[in-house]
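Student: Residues 8 to 70 in this note's numbering are what the sequence shown spells out, letter by letter.
Mixed in with the good hints there might be a few duds.
Estimated spans, in silico, between C-beta atoms of each pair [what the hints assert, rightly or not]:
| # | residue 1 | residue 2 | range |
| --- | --- | --- | --- |
| 1 | Leu53 | Pro22 | 29 to 35 Å |
| 2 | Arg56 | Trp23 | 31 to 37 Å |
| 3 | Ser20 | Thr60 | 37 to 43 Å |
Please keep in mind that the hints were generated in silico from the structure rather than gathered at the bench. None of the values given here were measured: they were computed from a predicted structure. Where a beta carbon is used, it is the ideal one built from N, C-alpha and C, also for glycine.
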Amino acid sequence: MLLSGEAFGLPTSMPWGVPLFGTIRHPTQIYFALTALISLGILVWLARRSLPTGTLAIAYVGD
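Could you put the whole structure together from the sequences, leaning on the hints where they help?
Tutor: Below is the structure:
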């Protein structure tokens, strides 16, 4: 999906920008993937703790 150009970010001058459509853009797909991995790590960490019933579901869905 990163190279397909389906979800491109705003133009940027940051060194991790991705050349797309003739300009350097934010790699929003990478940002999304990192956020998902961090969220998964938090959920796994919470799942290993002794929590009241439903706490993990609320953490996953949000408030």
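Student: Now tell me, hint by hint, if it's right for this structure.
Tutor: Here is what the structure says about each hint:
1. Leu53 - Pro22: 29 to 35 Å: For Leu53 and Pro22 the Cβ distance comes to about 34 Å; the hint holds.
2. Arg56 - Trp23: 31 to 37 Å: holds (34 Å)
3. Ser20 - Thr60: 37 to 43 Å: violated (49 Å)
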